[in-house]
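Visitor: Protein chains in written order, with UniProt numbering: chain A, 1 to 265; chain B, 1 to 219; chain C, 1 to 219.
Don't read these hints as lab results, they were simulated from the structure.
Just to be clear, a hint being listed does not mean it is correct.
To be verified - Keeping only pairs whose Cα atoms sit at most 27 Å apart, straight-line, the calculated BS3-like set for lysine-lysine is: (1) K241(A) to K69(A); (2) K64(B) to K101(C); (3) K101(C) to K43(B).
As the list claims (entries may be wrong) - Some chain B residues near chain C, calculated using beta-carbon distances under 10 Å: (4) R100; (5) K101; (6) E123; (7) R151; (8) E165.
Note that the Cβ used here is the ideal one computed from N, Cα and C, for glycine as well.
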Amino acid sequence: MPETPDPQSNNVEDISARRAAEALIVDVDGFEGPLDLLLMLSRTQKVDLRRVSVLALAEQYLSFVDKAKALRIELAADYLVMAAWLAFLKSRLLLPPDPEDEGPSGEDLAAHLAFQLERLEAMRDAAARLMARDRLGRDVFSRGQPETVGRVRRTQFTASLLDLMQAYARLRTKDEFRPFVMDRKAILTMEEALARMRPLIGFAGDWTDLSSYLPEGWQVDPAKRRSATAATFAAVLELAKAGKVELRQTETFAPISLRKRSEER
Amino acid sequence: MSNTPQDVDNELDPSLFEAPPMGEQERMVEAVLFASAEPVTIKELTARLPHGSEPAVALVHLEKRYEGRGVRLTRIGDAFAFRTAPDMSFLMRRETVETRKLSRAAIETLAIIAYHQPVTRAEIEEIRGVGVSRGTIDQLLEMEWIRIGRRRMTPGRPVTFVVTEGFLDHFSLESARDLPGLKELRAAGLLDNRPPPEAQTAEPEGRSEGDLFEDGDEA
Amino acid sequence: MSNTPQDVDNELDPSLFEAPPMGEQERMVEAVLFASAEPVTIKELTARLPHGSEPAVALVHLEKRYEGRGVRLTRIGDAFAFRTAPDMSFLMRRETVETRKLSRAAIETLAIIAYHQPVTRAEIEEIRGVGVSRGTIDQLLEMEWIRIGRRRMTPGRPVTFVVTEGFLDHFSLESARDLPGLKELRAAGLLDNRPPPEAQTAEPEGRSEGDLFEDGDEA
């Protein structure tokens, strides 16, 4: 949250607005989706949400997306979908209405967006008020020593809905889980492959076929070979990401080969 | 406190025994509620107290007796429990239980369920403008703050979510009607399920406001 | 009740603040005793109440206030606690219900009945991939979570099982149709969890609790 700017001084406001904009750019991860981001941007307009300028908001959002792109920040798809929609909305709001056009007017769309923002803000506010209530175990407390005086004991079996649903889920997906549970012996994990590859790559000065790195005893049985290939490939990707090796594949489905990265010291 | 216990299941058995005097009934309700950490329903009180007792009346007396004390009688849905007075919380550091910290997404999802119930997952997502992440609903179910309600009678018959008595108990609410700001939100139209303008042709979904807090479903 | 609280650890801090009025102290002691999981000593009360309080005096008032009530202030060694009045013990009997988790066999059988009702025993066995012992079905029948439904009009006319109102009540469901489907379970993150440790072959240590109530049908 950027600090609220001092209304007295334009200069301060300028700086903090800029800071807020920068914070936005850096902190895309902090947003719970495009609507949340729009709500945040709308606060810079400092008006009642019912009077928010959706046009200005659309422009702010679009410039945010541009800046993020310039900084090569990868935006999740839904942010881009929203950007496209806002660009469309902007054009609707700016151009005179086309009588041929069937769809809802720009004003209708803008009004709905304003409603969504207001509703989201209202729910935020409600959530905060809810969490601030007197809460059991924090503000109010139940009897610390419930009593059980009588000697009549009756066993009652119980289960929660979650138990029930999980039991059912477990049953219905038994087959999906099978490879994990039953066939453990034929699985090479990526960690194992990685542990194996790390000392080996020091020797890979020249391009070498990935398949030559499969561990002993894992090359013949198809199931084992498949698992070992997948794990080794994943391990090699990790190593490539860490800058330790280079990978090469001359065409689709061609063998993959690797070598130690030359700059590695 | 409107249930009169007489008409619950005693028709068969014309009072062979006198019900205990109200003062005694009050003591009994007091003892039962004191002995339990969980809220006790009027129905259960009726079943446990001697034949012919009127726990609902006893509860009114009891509530008055504990007014302003360090411990109070609180109502949670159809049930009652003793709880410490909120202004005593500063003494309770030792009893305070660390509640699992809820994510912002979980808190908002919970609020949306409470204020819009019964509400489908798609509606929650529509309000938040973002998918409900895996595990959020799961976590709220596990905490027993929400439960599955009736399916919505719309295409796909999606399940709905509603809040539980445990939720009411945790947040010191007598009923979901007492949620803070509920009336204002409703008056401002912010609890309406207003479809986006594109969907003008779509069906109006048959959800009036009255749908929000249906309680005729104890069937 | 002899300790005077002043001499405990307050020498450093000559009473800057007035002690709260006795009525308030009484409320505080009441709340602390109520919420505490164990009897509380005067020493501890002194440490927890605001500076200058006299819990020993407050306890005397409190004891008087609860005289003849359904709950009493009782002394246990050096400590104090609330206890239900001895003549109320007949009401406490139902409190001692011991709850145990259903065995895995039972919960799975129950889940299948809930999702597939009406369902025959042979069908249950087919879905579970393992025989269903009589004990499991009997247990669920006895709990009144399932009942016998209509006979299936197939050779042998096998009985079917369906879930009861009691089942719906326990799981806070409005109808069995409100149970979420597989897709919804997945969306809620319930299916993507790795299989529970019990599912990993039949390692003996993975089956602590379920084992206790095993009814021998998976052996």
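Visitor: For every hint, state whether the structure bears it out.
Guide: Quick rundown of the hints versus the structure:
{"no.": "1", "hint": "K241(A) to K69(A)", "in the structure": "holds (23 Å)"}
{"no.": "2", "hint": "K64(B) to K101(C)", "in the structure": "violated (39 Å)"}
{"no.": "3", "hint": "K101(C) to K43(B)", "in the structure": "holds (25 Å)"}
{"no.": "4", "hint": "R100", "in the structure": "violated (16 Å)"}
{"no.": "5", "hint": "K101", "in the structure": "violated (18 Å)"}
{"no.": "6", "hint": "E123", "in the structure": "violated (14 Å)"}
{"no.": "7", "hint": "R151", "in the structure": "holds (5 Å)"}
{"no.": "8", "hint": "E165", "in the structure": "holds (9 Å)"}
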